[in-house]
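Going down the list, the protein sequences come from chains A and B.
The numbering of the first sequence is the working numbering, which starts it at 2 and goes up by one.
The numbering of the second sequence is the working numbering, which starts it at 107 and goes up by one.
It is possible that some hints are incorrect.
[Claimed, not checked] Some chain A residues near chain B, calculated using beta-carbon distances under 10 Å:
1. I33
2. A34
3. F134
4. L348
5. V372
6. I399
[To be verified] Each computed SDA-like pair below joins lysine to any residue, with the alpha-carbon atoms no more than 20 Å apart:
7. B:K150 / A:A156
8. A:K453 / B:L163
9. B:K150 / A:L216
10. A:K453 / B:P216
11. B:K238 / A:A361
12. A:K123 / B:K238
13. B:K150 / B:L163
14. B:K277 / A:G423
15. A:K115 / B:G176
16. B:K238 / A:S455
17. A:K86 / A:I313
18. B:K150 / A:A157
19. A:K123 / B:A273
20. B:K150 / A:Q456
21. A:K123 / B:V125
22. B:K238 / A:A156
23. B:K238 / A:G424
24. B:K277 / A:A156
25. A:K453 / B:V366
Treat the hints as calculated values from the structure; they're not laboratory data.
Bear in mind that the values here come from a model prediction, so they are computed numbers and not experimental data.
No residue lacks a Cβ here, since even glycine has one placed at the ideal position from N, Cα and C.
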Amino acid sequence: MTATMVKEASPPAPVPPGGARGRRLRRRGRVIALLFVFPALLLLGALVVYPVLFSIGRSFFDASGNEFVGGENYAEMFRDPTNLKAVRNTAIWVVVAPTLLTGLGLVLAVLVEKVRWATAFKLLLFMPMAVSFLAAGIIFRLAYDQDPDKGVLNAAVVSVHDAFKGTSSYPTARARDGEGEGLTKQADGSYVTGADVSPGGTATLGLVGVAPKDLPGDARPAAPAAADAAGSDEVRGVVYLDFTPGGGGKPGVVDPEESGLPGMTVEAVRDGKTVAETTTGADGSFSFTGLDSGSYAMKLPSANFAAPYEGISWLGPALVTPAIIGAYLWIWTGFAMVLIGAGLAALPRDALEAARMDGANEWQIFRRITVPLLAPVLTVVFVTLVINVMKVFDLVYIIAPGPVQEDATVLATQMWLVSFGGGNNQGLGSALGVLLLLLVIPAMVFNVRRFKRSQR
Amino acid sequence: MNVVRRGLGNAVVQAFLVVIGLVWLTPLAGLFLSSLRSAEDTAKGGWWTVFTSPGQLSFDNYSALLENSGITQAFWNTVLISVPTTVLVVVVAALAGYAFAWLDFPAREPIFLVVVALLVVPVQIGLLPVAKLFGQLGLFGTIPGVVLFHVAYGLPFAVFLLRNYFAEIPKEMLEAARMDGGSEWRIFTRLVLPVGRPAIASLAIFQFLWVWNDMLVALLFADSSSQPLTVQLQSQIRQFGSNIDVLAPGAFLSLVVPVVVFFAFQRHFVQGVMAGSVK
Chain A
2 MTATMVKEAS PPAPVPPGGA RGRRLRRRGR VIALLFVFPA LLLLGALVVY
52 PVLFSIGRSF FDASGNEFVG GENYAEMFRD PTNLKAVRNT AIWVVVAPTL
102 LTGLGLVLAV LVEKVRWATA FKLLLFMPMA VSFLAAGIIF RLAYDQDPDK
152 GVLNAAVVSV HDAFKGTSSY PTARARDGEG EGLTKQADGS YVTGADVSPG
202 GTATLGLVGV APKDLPGDAR PAAPAAADAA GSDEVRGVVY LDFTPGGGGK
252 PGVVDPEESG LPGMTVEAVR DGKTVAETTT GADGSFSFTG LDSGSYAMKL
302 PSANFAAPYE GISWLGPALV TPAIIGAYLW IWTGFAMVLI GAGLAALPRD
352 ALEAARMDGA NEWQIFRRIT VPLLAPVLTV VFVTLVINVM KVFDLVYIIA
402 PGPVQEDATV LATQMWLVSF GGGNNQGLGS ALGVLLLLLV IPAMVFNVRR
452 FKRSQR
Chain B
107 MNVVRRGLGN AVVQAFLVVI GLVWLTPLAG LFLSSLRSAE DTAKGGWWTV
157 FTSPGQLSFD NYSALLENSG ITQAFWNTVL ISVPTTVLVV VVAALAGYAF
207 AWLDFPAREP IFLVVVALLV VPVQIGLLPV AKLFGQLGLF GTIPGVVLFH
257 VAYGLPFAVF LLRNYFAEIP KEMLEAARMD GGSEWRIFTR LVLPVGRPAI
307 ASLAIFQFLW VWNDMLVALL FADSSSQPLT VQLQSQIRQF GSNIDVLAPG
357 AFLSLVVPVV VFFAFQRHFV QGVMAGSVK
């Protein structure tokens with residue numbers, strides 16, 4: 002305004018197309034420009050800039066907001082075990098997730114170049130970026146379910162485990178107390194008979210405690226096999242379920258309706274040493290042949306009765322953070338791969354070709370040429386991921402079950418819990434928010450610098 | 107020899123990528139198949155049992171979902187939040203982006219640097235103060251409140267993206283339009299917006315998905331009558347996954363829209379996400 006008046010007071014100058022009209026036009030231009038930016042500035046000022054300043058101020062006051070406490074909230078953040086846990090978990094996230102993602106993205110970006118269906122693969126891996134953290138959270142709560150009949154991961158883990166270690170078919174089976182063939186339970190959970198079976202003899206080993214519906218589908222009645230006589234160097238016998246459905250059976254006797262227990266491991270033991278081992282057939286029968294004369298005990302090893310393998314407690318306190326990071330990888334790997342792939346496409350082809358001509362193998366090319374040339378792209382991907390990982394909220398909030406929420410907590414969830422989720426300490430909550438802001442300030446400076454440079 | 111080895115290497119690479127692809131597909135397939143099974147079947151065994159007994163599959167959960175007024179209401183709330191947010195962000199940011207690129211006003215450069223700095227400000231820091239502000243204005247718990255918050259936190263990126271895109275428009279083009287006596291408004295609507303269409307499309311898709319998928323903001327600012335699908339489903343999550351028959355179809359419903367948008371606008375989507383990753 003002043004500038005305008007000073008100009009008007011100066012001696013009349015030749016009137017160019019500017020002049021009073023030009024000035025009026027310019028002022029009008031400014032008014033129009035301000036009208037263009039006003040809505041954006043109003044919203045940004047009221048809902049972003051003002052809240053930042055408010056939160057900084059609020060973080061120096063106590064929970065009620067009436068008393069100034071200085072840096073007390075910030076000290077509390079590193080003193081209270083739960084808050085400290087949040088700081089630590091965020092540190093783990095920030096180190097682990099971006100590193101894994103950048104590495105995985107790089108490997109996949111290089112490999113996918115070699116196949117013809119690269120586009121389809123990229124689309125598939127990128128798709129989770131379109132899915133909300135909530136939906137991803139539900140997907141992975143389901144996948145990580147502890148019950149191998151619900152969670153696909155534990156189903157896979159348990160079937161791999163059982164394939165190598167064998168499965169125990171009768172976790173609930175036990176001998177009748179004080180009756181039957183005199184099976185006695187040992188300290189290690191196995192059952193043994195007295196050492197009184199000699200070659201040419203038979204043994205009937207009765208167990209109870211198996212519900213008929215839990216019997217293997219191929220189980221058949223044990224009575225016919227129990228009646229078979231043994232050869233002279235043979236010990237025969239049956240392992241059977243000493244229980245007649247509908248009642249009427251006699252304890253310790255193989256009644257006609259009673260089922261054999263197939264797949265049971267039986268050992269012949271002499272002087273405390275296992276000399277032979279076999280497995281029962283569909284009717285529960287077993288036989289040891291070629292035994293030296295003498296008396297043997299029949300043993301049902303504890304592996305027959307072991308509780309079934311339960312799989313891994315993915316969402317237990319120990320593994321919950323790695324498990325949630327796994328879900329995060331599912332979402333973001335496509336992003337890292339596509340961004341790095343774009344960088345890869347921009348690499349000078351002749352450098353790679355020259356190396357190939359010189360006889361370098363694929364690994365040398367990757368290690369010595371591709372990675373160094375890609376370094377700037379990798380940095381951008383890494384930094385981007387760090388910024389995003391710091392603010393991770395929904396995924397932790399959804400996947401971590403209530404009891405382990407404290408073990409999984411990160412700064413963003415902690416800020417939420419402290420401020421709104423029951424904690425209701427808005428002083429501490431604000432301080433946690435400010436800490437989040439402080440953590441992204443390097444990125445802020447980086448962005449501003451990069452922009453300034455691009456304008457020159 | 108070398109050819110054979112290369113062929114073998116390629117087969118290994120293909121196999122590895124196929125495995126990775128399957129690993130990526132499995133969780134999603136699990137959700138989808140779970141959403142088609144009854145609660146009783148789910149209690150009995152995992153979703154993979156449908157491969158041996160496909161009779162379990164039915165759309166009953168989905169028809170139950172459509173009759174669940176809480177869910178349908180939440181679905182419409184999601185639409186009522188994300189569509190206006192997207193429109194507002196695009197309009198407000200396009201106006202500001204044009205002004206920052208081509209119009210002259212005091213402190214233009216420093217203000218724009220502030221906008222660039224605001225790019226990475228975490229949403230969390232705004233929750234508490236804005237909740238208080240909205241409480242005083244009567245916006246707390248309403249859809250307009252949720253929309254305004256989203257617009258404000260979407261603006262830094264939107265203004266940044268559009269200003270940079272508009273700045274690339276050749277100066278001669280704008281000056282020619284001004285010589286012809288076009289008003290700034292006319293230039294903006296007739297020249298800048300059409301030229302900026304690719305950037306606007308990427309921005310709109312990115313913004314739409316961002317808001318559609320949001321849970322945090324709505325968790326605080328929406329009440330039970332204005333909550334979107336994410337918050338509604340979140341409130342239904344129980345221990346031990348006992349209600350998979352509600353959660354799985356609900357989650358699938360919430361992700362079907364973004365995934366369709368993704369496949370329909372792949373290129374814009376990827377560009378938008380790439381550009382938006384600086385947030």
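Is K453 (chain A) close enough to V366 (chain B), meaning Cα to Cα at most 20 Å? Violated. K453 (chain A) to V366 (chain B) sits at ~38 Å, over the 20 Å cutoff.
Quick one, are K150 (chain B) and Q456 (chain A) close enough, alpha carbons at most 20 Å? violated (63 Å)
Does A34 (chain A) pass the interface check with chain B, least Cβ-Cβ distance below 10 Å? holds (4 Å)
Hint check: K277 (chain B) vs A156 (chain A), CA-CA at most 20 Å. Holds or violated? violated (63 Å)
If you take the shortest Cβ to Cβ gap from I399 (chain A) to chain B, is it below 10 Å? Since chain B brings a Cβ to about 7 Å from I399 (chain A), closer than 10 Å, the hint holds.
For K115 (chain A) and G176 (chain B), compute the direct alpha-carbon distance and say whether it is at most 20 Å. violated (49 Å)
Is the Cα-Cα distance between K123 (chain A) and A273 (chain B) 20 Å or less? violated (32 Å)
Hinted pair K123 (chain A) and V125 (chain B), Cα distance within 20 Å: holds (14 Å)
For the pair supplied as a hint, K150 (chain B) and L216 (chain A), is the alpha-carbon distance within the 20 Å limit? holds (17 Å)
Restraint check for K453 (chain A) with P216 (chain B), where alpha carbons must lie at most 20 Å apart: Roughly 11 Å separates the two Cα atoms, so the pair holds.
Does the closest beta carbon of chain B sit nearer than 10 Å to the beta carbon of I33 (chain A)? Result: holds, 5 Å to nearest chain B Cβ.
Restraint check, 10 Å cut-off on beta carbons, for V372 (chain A) near chain B: violated (18 Å)
When each numbered hint is compared with the structure, violations occur for hints 4, 5, 8, 11, 12, 14, 15, 16, 17, 19, 20, 22, 24, 25.
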